[in-house]
Amino acid sequence: MYEIEISSKKDFKDVRGLNIFSEISELGIKGVEKVTYSQVYKIAGDINSLEAKTIAAELLSDKITEKTSVKTAEPSECCSLPNSFAGLQNQSLSLIEVFYKKGVTDTVAESVIKAVKDLGINKDIKASAGHRYYVYGKISQSALKNIAEKLLANTLIQEYKIF
Amino acid sequence: MKKVKALILRTAGTNCDFETQIAFELCGAQAEKVHVNALLEKKDKIFEYDIMAFPGGFSYGDDIASGKILANEVKSKLGDKIKKFALSGRPIIGVCNGFQVLVKMGLLPEPSLFEQISTLSYNDSGKFECRWVYLKTLKTQAGKNQASTNCLWTQKLPDIITLPVAHAEGKFIAKDKNLIDELEKNGQIVFKYCAQDGNIARYPLDPNGSTDQIAAICNKKGNVFGLMPHPERYVYSLQHPSREGYDGEHGWGKAIFQNAVNYVK
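Residue numbers (numbering that gives the first Met the number 0), protein chains in the order written: chain A, 0 to 162; chain B, 0 to 264.
Everything labelled a hint here was simulated from the structure, so no lab data went into it.
Please note: incorrect hints may appear among the correct ones.
[Unchecked claim] With a Cα cut of at most 30 Å, we get these calculated DSSO-like pairs of lysine-lysine: (1) B:Lys80 - B:Lys41; (2) A:Lys113 - B:Lys42; (3) B:Lys2 - A:Lys9; (4) B:Lys219 - B:Lys76; (5) B:Lys176 - B:Lys2; (6) B:Lys44 - A:Lys113; (7) A:Lys149 - B:Lys126.
With the hints as constraints, model all of the structure from the sequences given.
In structure tokens, the structure reads:
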């Protein structure tokens, strides 16, 4: 399985991260210094590394404003620490990851499956699309849970994990 | 008199195709909505038309990024036909989501290059912005470092017009400053957001924070035109909040479509 993470390049505004940061302030939660946002796609199937990189560069990211990170991951790692976060984790940085719950239609993932075929990669794949919010600042677990449930996830159809 | 034929390309999520069809028909063209799958079954059908339009909407639900999936689909399956159509000098317009498609497939700013070198990204506000805005038409603004635009779609427009916008990803960004200078020098910047008096617009009249307040661009030749505002939503004066129209009955959007129809005639 490939895990593709898309985030804003350094010189471009991370509008979604900034927005969430502002909404956290409006919730009255103190201690958050910054939030950055990444879109995450998990793609499983008979594709190779070159194809995964093509999908990331040609389909899932904007060449002008976004950068990509393509990593392999075992499907069983779905609930463990994401590769992108390994080595970054410390007391002043937390990660909240949001994906659809099993059984809920992931429409973005369905579009990805169609669009991968449009790219000429005619292979059967499975995909899921989610969001990662990197939260900077010393924040308690209960505050992170509050942020996740009030702002980031619709817990009826989505599940979140805090790392 | 030749009947001008316009192709309006639609797909899942397109929602401005009817209004675009009405706009072209109001200008005397015969406009046909064609689903992308139908065009893929008969690719050369594209050359039966004089004008091509990529209408507004939310193609494929704006999944991944607005216009991205349709841009990839059209480029990979119809790319050579679309490029030939553009290079033949036939008028092409992309409105809002259609502009995003043209830019992301690389038909704008230059179809001969056919490579993405600019983008339309998230509005600075992070929100969907929907309102009437003022647009400075750059054709009359030629100066020392700026050519008068060749855009066939905007000939004879006044210095400032008004049109509605409705988008979440309309911030025009070029790959670098040199490209902006090139666009300016070649007269490829067609509309800029402005204040009512023509001065620099601030939010909310600048709805997205585009580089240099750019709202519309065209290719060097002036036949391929992309804009975030919706001309098809202002073809009648009755569509304007104050019922204003350039001739009492029609809005500036009609003048834009009329220019292309007259050009083909």
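With the threshold set at 30 Å, check whether the alpha-carbon distance from Lys2 of chain B to Lys9 of chain A stays at or below it. Answer violated: Lys2 of chain B to Lys9 of chain A is near 51 Å, above 30 Å.
Given hint Lys113 of chain A paired with Lys44 of chain B - CA-CA distance at most 30 Å: 24 Å, holds
With a cut-off of 30 Å on the C-alpha distance, tell me whether Lys149 of chain A and Lys126 of chain B pass. 19 Å, holds
If you draw a straight line from the CA of Lys113 of chain A to the CA of Lys42 of chain B, is it 30 Å or shorter? 20 Å, holds
30 Å Cα cutoff - pair Lys219 of chain B, Lys76 of chain B: Between Lys219 of chain B and Lys76 of chain B the Cα gap is close to 25 Å, so the pair holds against 30 Å.
Take the C-alpha atoms of Lys80 of chain B and Lys41 of chain B, compute the straight-line distance between them, and say whether it is at most 30 Å. OK: Lys80 of chain B and Lys41 of chain B at ~11 Å, within 30 Å.
Is Lys176 of chain B close enough to Lys2 of chain B, meaning Cα to Cα at most 30 Å? 42 Å, violated
Hint check: violations occur at hints 3, 5; the rest are consistent with the structure.
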